[in-house]
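Heads up: the sequence lines are chains A and B, in that order.
The first sequence runs contiguously to residue 115 in our numbering.
The second sequence runs contiguously to residue 1110 in our numbering.
It should be emphasised that the hints constitute simulated quantities derived from the structure, not laboratory data.
Some clues are possibly wrong.
What the hints assert, rightly or not - Some chain B residues flagged as far from chain A (calculated, every beta-carbon gap over 10 Å):
hint : residue
1    : Arg1013
2    : Glu1014
3    : Ser1030
4    : His1032
5    : Ser1083
6    : Glu1091
7    : Arg1095
Unchecked claim - Under the rule of at most 25 Å between Cα atoms (straight-line distance), these lysine-lysine pairs were calculated in the BS3-like manner:
hint : chain 1 : residue 1 : chain 2 : residue 2
8    : A       : Lys57     : A       : Lys11
9    : B       : Lys1050   : B       : Lys1037
10   : A       : Lys17     : A       : Lys57
11   : A       : Lys57     : A       : Lys15
12   : B       : Lys1026   : A       : Lys57
13   : B       : Lys1026   : A       : Lys11
All C-beta atoms, glycine included, are put in the ideal place defined by N, C-alpha and C.
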Amino acid sequence: GAGVSQSPSNKVTEKGKDVELRCDPISGHTALYWYRQSLGQGLEFLIYFQGNSAPDKSGLPSDRFSAERTGGSVSTLTIQRTQQEDSAVYLCASSHTGTRQETQYFGPGTRLLVL
Amino acid sequence: QQPVQSPQAVILREGEDAVINCSSSKALYSVHWYRQKHGEAPVFLMILLKGGEQKGHDKISASFNEKKQQSSLYLTASQLSYSGTYFCGTEDTGRRALTFGSGTRLQVQP
């Protein structure tokens, strides 16, 4: 596929469990972003990867959240000891080089529900 | 700081026009506009760059006032397909990621 893909599309988990969300950026895109969208809200930045540079983690809400990007392509967002307030849609986006003034293309998101 | 979008919601009849505004307190490199339909990913519409360049959709126009750090999205002769929530995302001198407004819900009725 030509677009950003994310898996799973939906995830239901119990409070306290760990979850992993996956993002496959557009082929050739070196920049990858994670955002979170709570019900009826705007998009909230979580973390940004650009090539081999150290990621910008300034948006992660707590140390329960972490992300990695292997081989400069696929990224995994991990939420440990999930809480009910973690319920949201987690969106991944990618852009070609991550330079300024560049379009970001979004994936379909993972809808996470913590019971 | 999150950019401020207005109005929060608007209802139109087909063929009517609408303007959505986005205002930031920070100096901006660019403003990005997206439309999101319920349960779907945000879809890119338009990017306005510091310096005046625009890239985006043929049927949607926008402006960017660099002095005021304000952008407006103009939807003319609205169609039913224009319904959705419109978000502006701003790129400032800080991080490379976008900071999004809270969205404007647009509903076009027949």
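Tested hints:
no. : hint                    : verdict
1   : Arg1013                 : holds, 25 Å
2   : Glu1014                 : holds, 26 Å
3   : Ser1030                 : violated, 5 Å
4   : His1032                 : violated, 7 Å
5   : Ser1083                 : holds, 16 Å
6   : Glu1091                 : violated, 6 Å
7   : Arg1095                 : violated, 5 Å
8   : Lys57(A) x Lys11(A)     : holds, 23 Å
9   : Lys1050(B) x Lys1037(B) : violated, 28 Å
10  : Lys17(A) x Lys57(A)     : holds, 22 Å
11  : Lys57(A) x Lys15(A)     : holds, 24 Å
12  : Lys1026(B) x Lys57(A)   : holds, 21 Å
13  : Lys1026(B) x Lys11(A)   : violated, 36 Å
In summary, the structure is inconsistent with hints 3, 4, 6, 7, 9, 13 from the numbered list given earlier, while agreeing with the others.
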